[in-house]
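Visitor: Residue numbers (this note's numbering): 33 to 302.
By construction, these hints were calculated from the structure, which means they are not laboratory data.
It cannot be assumed that every hint is accurate.
Claimed, not checked - Dumping the calculated EDC-like pairs for lysine to aspartate or glutamate here, alpha-carbon to alpha-carbon at most 16 angstroms:
# : residue 1 : residue 2
1 : Lys221    : Glu250
2 : Lys52     : Glu74
3 : Lys262    : Asp185
4 : Lys235    : Glu208
5 : Lys52     : Glu71
6 : Lys120    : Glu110
Unchecked claim - Each pair of labels, with its calculated beta carbon distance range:
# : residue 1 : residue 2 : range
7 : Lys39     : Gly87     : 16 to 22 angstroms
8 : Asp157    : Ser58     : 32 to 38 angstroms
9 : Ile134    : Leu298    : 42 to 48 angstroms
Glycine included, C-beta positions come from ideal geometry on N, C-alpha and C.
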Amino acid sequence: EEEYKRKRRYVAGSVGPTNKTSSIASIENPFERGVTFDELVESYSEQIRGLLDGGVDILMVETIFDTLNAKAAIYAIETVLKEEDDYKHHYPIPIFISGTIIDLSGRTMTGQTLEAFYSSIEHVDPFCIGLNCALGANEMRPYIQQLSELAPDRYISLYPNAGLPDGMGGYKETAEEMGEILKGLMKEKYVNIIGGCCGTDHKHIEHFSSILENYEDEIRKIDMSKVEKKDLKLSGLECLNFGSTLNFVNIGERCNIAGSRRFKRLIEQE
Numbered sequence: 033e034e035e036y037k038r039k040r041r042y043v044a045g046s047v048g049p050t051n052k053t054s055s056i057a058s059i060e061n062p063f064e065r066g067v068t069f070d071e072l073v074e075s076y077s078e079q080i081r082g083l084l085d086g087g088v089d090i091l092m093v094e095t096i097f098d099t100l101n102a103k104a105a106i107y108a109i110e111t112v113l114k115e116e117d118d119y120k121h122h123y124p125i126p127i128f129i130s131g132t133i134i135d136l137s138g139r140t141m142t143g144q145t146l147e148a149f150y151s152s153i154e155h156v157d158p159f160c161i162g163l164n165c166a167l168g169a170n171e172m173r174p175y176i177q178q179l180s181e182l183a184p185d186r187y188i189s190l191y192p193n194a195g196l197p198d199g200m201g202g203y204k205e206t207a208e209e210m211g212e213i214l215k216g217l218m219k220e221k222y223v224n225i226i227g228g229c230c231g232t233d234h235k236h237i238e239h240f241s242s243i244l245e246n247y248e249d250e251i252r253k254i255d256m257s258k259v260e261k262k263d264l265k266l267s268g269l270e271c272l273n274f275g276s277t278l279n280f281v282n283i284g285e286r287c288n289i290a291g292s293r294r295f296k297r298l299i300e301q302e
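Model the full structure from these sequences, guided by the hints.
Guide: Structure follows, in structure tokens:
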């Protein structure tokens, strides 16, 4: 009990993805969304006030399958902390962001690659960036490696599921099985923070904690020397980096008068 009391612990307030997407349109109406950005901001703001009132040390926007939803949560955090007098004293508070790669395609549910996802939220200056849910630790290995390389100046978190679900929706990976995979990721210095998502319980978390104690020297270090000059990055489904090697970029489609006499005549008349 005394040893337990000596350990410093922090409480992270989870800001989840909701069960709606603000990016994907309905089949019947391409302009219709399940929820608007403003509706998400209003809902998230209420949640964030409650978490701050409860005394959290960290705000964690997690299980992100739709980056626009996450941006609404981030905007709500910044608005509450900077503009509402009752909560200004909480600013700044560490922000953790954790995305979800839904399958082995390496994309979120709304189609973004991991690099595009990180580019979309990098401006927030998150204290920690990571992945959780959908996949097991072994399936997440290439993506957490990529994220670690994309963000050498950020802490990296990983809390996967206990393997992939079986036919009945259950998860079979034991704490020891998951622990061996996570131990390897720590030895390769891909992660700073580990945990468990779907299918894990207190036995898993207790075992992961013991791993961290035994492998403290293996934990990934933040390397600011690898941070390159920030070039313009734009991201839709994929990331476009405007580096020094990129030539002229044509935005949009040029007018082609060869395909239509009427269009050619209208252009000439102008």
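Visitor: The structure should be examined with respect to each hint, and the outcome stated for every one.
Guide: Taking the hints in turn, this is what the structure says about them:
no.: 1; hint: Lys221 x Glu250; in the structure: 6 angstroms, holds
no.: 2; hint: Lys52 x Glu74; in the structure: 14 angstroms, holds
no.: 3; hint: Lys262 x Asp185; in the structure: 13 angstroms, holds
no.: 4; hint: Lys235 x Glu208; in the structure: 9 angstroms, holds
no.: 5; hint: Lys52 x Glu71; in the structure: 11 angstroms, holds
no.: 6; hint: Lys120 x Glu110; in the structure: 10 angstroms, holds
no.: 7; hint: Lys39 x Gly87: 16 to 22 angstroms; in the structure: 18 angstroms, holds
no.: 8; hint: Asp157 x Ser58: 32 to 38 angstroms; in the structure: 35 angstroms, holds
no.: 9; hint: Ile134 x Leu298: 42 to 48 angstroms; in the structure: 46 angstroms, holds
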